[in-house]
Amino acid sequence: MPFQHLDQSLRESVKRHPHALAYSFMGREVTYEQLDYDVSHVSAFFHSLGLTHGDGLALILPNSDAFVTIYHAALRLGMYCVPINPTYTIQEIFYLLQDSQVKVVVAPHQMAQLAGPLLGMMPGLHLIAVGQPEGELAHGIITYQSIFDEQSYPEFTIQQPLDPEDLAVILYTSGTTGKPKGAMLTHSNLSSNADLIGDHLELTQEDHVLVVLPMFHVFCLTVCLNASIYRGAQMMILPRFSPIDTLTVMQKEKITLFAGVPTMYNFMLQAARDQTFDLTAIRYCLSGGAAMPEAVQRGFEQKFGVVILEGYGLSEASPVTCFAPVDGRPRKVGSIGLSLPMVEQKIVDLQDEEVPVGSVGELVVRGPNVMKGYWHREEETNIALRNGWLHTGDLAKVDEDGYFYIVDRKKDMIIVGGFNVYPREVEE
Numbered sequence: 191m192p193f194q195h196l197d198q199s200l201r202e203s204v205k206r207h208p209h210a211l212a213y214s215f216m217g218r219e220v221t222y223e224q225l226d227y228d229v230s231h232v233s234a235f236f237h238s239l240g241l242t243h244g245d246g247l248a249l250i251l252p253n254s255d256a257f258v259t260i261y262h263a264a265l266r267l268g269m270y271c272v273p274i275n276p277t278y279t280i281q282e283i284f285y286l287l288q289d290s291q292v293k294v295v296v297a298p299h300q301m302a303q304l305a306g307p308l309l310g311m312m313p314g315l316h317l318i319a320v321g322q323p324e325g326e327l328a329h330g331i332i333t334y335q336s337i338f339d340e341q342s343y344p345e346f347t348i349q350q351p352l353d354p355e356d357l358a359v360i361l362y363t364s365g366t367t368g369k370p371k372g373a374m375l376t377h378s379n380l381s382s383n384a385d386l387i388g389d390h391l392e393l394t395q396e397d398h399v400l401v402v403l404p405m406f407h408v409f410c411l412t413v414c415l416n417a418s419i420y421r422g423a424q425m426m427i428l429p430r431f432s433p434i435d436t437l438t439v440m441q442k443e444k445i446t447l448f449a450g451v452p453t454m455y456n457f458m459l460q461a462a463r464d465q466t467f468d469l470t471a472i473r474y475c476l477s478g479g480a481a482m483p484e485a486v487q488r489g490f491e492q493k494f495g496v497v498i499l500e501g502y503g504l505s506e507a508s509p510v511t512c513f514a515p516v517d518g519r520p521r522k523v524g525s526i527g528l529s530l531p532m533v534e535q536k537i538v539d540l541q542d543e544e545v546p547v548g549s550v551g552e553l554v555v556r557g558p559n560v561m562k563g564y565w566h567r568e569e570e571t572n573i574a575l576r577n578g579w580l581h582t583g584d585l586a587k588v589d590e591d592g593y594f595y596i597v598d599r600k601k602d603m604i605i606v607g608g609f610n611v612y613p614r615e616v617e618e
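Remember, our numbering sits 190 above the position in the sequence shown when you count from 1.
What the hints contain is simulated information worked out from the structure, not anything from laboratory work.
Each hint should be verified, as a subset may be incorrect.
What the hints assert, rightly or not - Capping the alpha-carbon separation at 30 Å, the derived lysine-lysine pairs in BS3-like fashion look like this:
no., residue 1, residue 2
1, Lys369, Lys536
2, Lys562, Lys536
3, Lys444, Lys205
Said to hold, decoys possible - If you anchor each label on the Cβ, the simulated ranges turn out as follows:
no., residue 1, residue 2, range
4, Ala461, Leu239, 42 to 52 Å
5, Pro429, Glu396, 22 to 32 Å
6, Thr277, Thr438, 22 to 32 Å
All residues carry an ideal CB built from backbone N, CA and C; glycine is no exception.
Working from the sequences, and respecting the hints, build out all of it.
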């Protein structure tokens, strides 16, 4: 089944409900029609700089309206985006910028002092600063606001048709075993995952999705941003996570879908110990990124009367491969759930042979969401994608009902007295 270009997702939502709210951020409410206009305006500006299909843009931004607009403006032009955590060290950021060969860097104005060294390393780079700088910025830095000071930019026609198999995003892995590797995700990879998640959660235009996970992280990018725009839902964007502020917004804005990581649920549970919040509008809370402690899940669900669905994913799979069921089948404690439709998963041994039910082995995945490969890393790509399956590096098992359970990272396994010992199981 062919999946579409992400820009097509936005255009279709604009066509279906132009006057519905796409997002709200810091008191600013923007309809799908206005978002489409902003995206076209910024895209035309990029074209006026000489940028074109196949060029790269780095987004070193916290959660903001600018992130949403610039991301889609780049994709509309056929560019690829490289989301980068703004809290990374200068050395880490410089490495990712050079490795990804981007031609534009978008960052908060507070990072303007990096312009000199950056231009020294990458001459011809376009620098865009987001926010309200107090003083003068260095020569050559464009402010995001100034892009909108112009009424319009010359109209243009894209010479190369937008293709769902085009590179959309390069997501860098954490690099715990060396230099970070860039997972190349196509529009088809990302839109397939957004569509499957939207189906699983029955996401519609009526949903209010709280966006407080970092947008530069693939969990938020797919589940909150891409899936919301795919289904025409409304996003409530928060610039940062604060336990009480987040709960207050969930109550006030009648949030129907919330995605977080286990530490966020724990912080909210502890912070609201003596307070009451009405979260009855919430259909689902989603958790990923790490194993959810049973005590936190049980405590949060009991206090707030909500359901937390645990899932699993990784950057190389756009990211979600499985989620807890919502069709009446039970949620099993400690399980990451069942494979999404069209996504296949199995457990294999060191020879890549499937192991029996209940046995521990490496989790491997295949489906429309699996990356093209690692950016300029042919050897690592061949290792990760061998035999047509993405090898996750996670040790897992599957039960007789098809529920998967993560045991540990493959590299963390220790052999003691001839037995395999998994540090995560020991810790728990």
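Hints and how they fare:
1. Lys369 with Lys536: holds, 28 Å
2. Lys562 with Lys536: holds, 20 Å
3. Lys444 with Lys205: The given pair, whose Cα atoms are some 26 Å apart, holds under the 30 Å limit.
4. Ala461 with Leu239: 42 to 52 Å: holds, 45 Å
5. Pro429 with Glu396: 22 to 32 Å: With Cβ atoms ~25 Å apart, the hint holds.
6. Thr277 with Thr438: 22 to 32 Å: This hint holds: roughly 25 Å between Cβ atoms.
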